[in-house]
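We have chain A already, so just place chain B on it with the hints.
Those protein sequences? They're chains A and B, same order as listed. The first sequence maps to residues 1 to 200 in my numbering. The second sequence maps to residues 1 to 200 in my numbering.
Honestly, I wouldn't trust all of these hints.
Since the list can't tell identical chains apart, any single copy or any two copies may satisfy a pair.
[Claimed, not checked] Here are the simulated lysine-lysine pairs, DSS-like style, with alpha carbons at most 27 Å apart: (1) Lys-185 / Lys-30; (2) Lys-12 / Lys-68; (3) Lys-154 / Lys-11; (4) Lys-12 / Lys-30; (5) Lys-154 / Lys-12; (6) Lys-185 / Lys-154; (7) Lys-154 / Lys-16; (8) Lys-30 / Lys-11; (9) Lys-16 / Lys-68; (10) Lys-185 / Lys-12; (11) Lys-185 / Lys-16; (12) Lys-12 / Lys-193; (13) Lys-193 / Lys-11.
Simulated from the structure, these hints should not be mistaken for laboratory data.
2 protein chains.
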Amino acid sequence: MTDIEERHREKKARIKAAKDRLYGQKTREKGLVIVHTGPGKGKSTAAWGLVVRTLGHGRRVGIVQFVKGRRETGERRFLERFPELVEIRVMGHGFTWETQDRARDIEAARAALAEARRMLTDPELHLVVLDELNIVLRYDYLPIAEVLAVLEAKRPDLHVVITGRNAPPELLEAADLVTEMRLVKHPFREGVKAQPGIEY
Amino acid sequence: MTDIEERHREKKARIKAAKDRLYGQKTREKGLVIVHTGPGKGKSTAAWGLVVRTLGHGRRVGIVQFVKGRRETGERRFLERFPELVEIRVMGHGFTWETQDRARDIEAARAALAEARRMLTDPELHLVVLDELNIVLRYDYLPIAEVLAVLEAKRPDLHVVITGRNAPPELLEAADLVTEMRLVKHPFREGVKAQPGIEY
Numbered sequence: 001m002t003d004i005e006e007r008h009r010e011k012k013a014r015i016k017a018a019k020d021r022l023y024g025q026k027t028r029e030k031g032l033v034i035v036h037t038g039p040g041k042g043k044s045t046a047a048w049g050l051v052v053r054t055l056g057h058g059r060r061v062g063i064v065q066f067v068k069g070r071r072e073t074g075e076r077r078f079l080e081r082f083p084e085l086v087e088i089r090v091m092g093h094g095f096t097w098e099t100q101d102r103a104r105d106i107e108a109a110r111a112a113l114a115e116a117r118r119m120l121t122d123p124e125l126h127l128v129v130l131d132e133l134n135i136v137l138r139y140d141y142l143p144i145a146e147v148l149a150v151l152e153a154k155r156p157d158l159h160v161v162i163t164g165r166n167a168p169p170e171l172l173e174a175a176d177l178v179t180e181m182r183l184v185k186h187p188f189r190e191g192v193k194a195q196p197g198i199e200y
Numbered sequence: 001m002t003d004i005e006e007r008h009r010e011k012k013a014r015i016k017a018a019k020d021r022l023y024g025q026k027t028r029e030k031g032l033v034i035v036h037t038g039p040g041k042g043k044s045t046a047a048w049g050l051v052v053r054t055l056g057h058g059r060r061v062g063i064v065q066f067v068k069g070r071r072e073t074g075e076r077r078f079l080e081r082f083p084e085l086v087e088i089r090v091m092g093h094g095f096t097w098e099t100q101d102r103a104r105d106i107e108a109a110r111a112a113l114a115e116a117r118r119m120l121t122d123p124e125l126h127l128v129v130l131d132e133l134n135i136v137l138r139y140d141y142l143p144i145a146e147v148l149a150v151l152e153a154k155r156p157d158l159h160v161v162i163t164g165r166n167a168p169p170e171l172l173e174a175a176d177l178v179t180e181m182r183l184v185k186h187p188f189r190e191g192v193k194a195q196p197g198i199e200y
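If we strip away everything but chain A, and leave its shape as in the complex, we get (with noise of 0.2 Å):
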């Protein structure tokens, strides 16, 4: 072994007995509120990584879509195969810039956030995704007080994850962990249309 790889296994050593000490102490179970935002992809993507995960366990999950896409997507379809784990509730049609009626869309924004509050509750459930909600924020649909206050009363040991771009401040101010996923590189640029397993 030369010197330089020697010092190297030291140093990594030294980091790993740091890191020791310190995940030691982490001893708290919490239940975490999970915000996925940027303009990357990865955001709703990730969240379905959780679900999986949580499934794993043998735990059951929630998932609430705010904001129901065109098409039906793979996860959806996939998931709905294990009704006894996952329950998924879809907001009924589309938004604003495509049906023109903003009340409507206010009152559906509502009626998601009511499923939601009752699944941040549900003592069966281990993970709740409330997916897209910062689209509904970002267009004032739902007063984010009001959705804090929700999030304020979940019960302590359950899990959520909010995901959309624009996630507002006062959201990462209440959030335990928050990845923003950032776009470096994106195919659509070079003329390749969305596919199904990727984009839905």
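Below, chain B alone, put in the same frame as chain A:
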């Protein structure tokens, strides 16, 4: 409707028309090389989301895990329930920072790459996940040129997702779609330990 609302709506309509023109031209289907990198969470998790999405479309998936974690993960436990749809290969053991046996690690990485090479030309698969391949590249367990050659030789319509921090620039260059996960806020900093369904 106020003037501001009307102007906002008109602007939205113009953006939508421009998008329709743009997306109407996107006609190419192409198997993508997707990279999830960066220091934030959600890199592997978003890959599991793409797996679920693909399964929902009734297509098959291959997974090679280049780094075996210390515990059994929820996602692996769940996906192993579908052996006819998901083929999972896990590198046999830990890594030098634990095992202090670099030669053995390199051998395991080579075996994992051989699995990847086979899967990437398998006519039955729609998506292949090379989980934590970036870590292996980072530690120089595999030459980047060889990995790029394996990707180059993949079936043209097959999608591949590569995860892990510190993706090398050559890989980013070769990729079609790159997302960087950025850590904005993390609960470990506040004494919360790793929890099932979230971290594993």
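Evaluation of the provided hints:
| no. | hint | in the structure |
| --- | --- | --- |
| 1 | Lys-185 / Lys-30 | between (35 Å within a copy, 15 Å between copies) |
| 2 | Lys-12 / Lys-68 | between (48 Å within a copy, 19 Å between copies) |
| 3 | Lys-154 / Lys-11 | neither (43 Å within a copy, 38 Å between copies) |
| 4 | Lys-12 / Lys-30 | neither (30 Å within a copy, 41 Å between copies) |
| 5 | Lys-154 / Lys-12 | neither (40 Å within a copy, 36 Å between copies) |
| 6 | Lys-185 / Lys-154 | between (37 Å within a copy, 20 Å between copies) |
| 7 | Lys-154 / Lys-16 | neither (36 Å within a copy, 37 Å between copies) |
| 8 | Lys-30 / Lys-11 | neither (32 Å within a copy, 44 Å between copies) |
| 9 | Lys-16 / Lys-68 | between (45 Å within a copy, 17 Å between copies) |
| 10 | Lys-185 / Lys-12 | between (33 Å within a copy, 25 Å between copies) |
| 11 | Lys-185 / Lys-16 | between (34 Å within a copy, 22 Å between copies) |
| 12 | Lys-12 / Lys-193 | between (44 Å within a copy, 22 Å between copies) |
| 13 | Lys-193 / Lys-11 | between (47 Å within a copy, 25 Å between copies) |
In this structure, the earlier hints numbered 3, 4, 5, 7 and 8 are contradicted, and the remaining ones agree with it.
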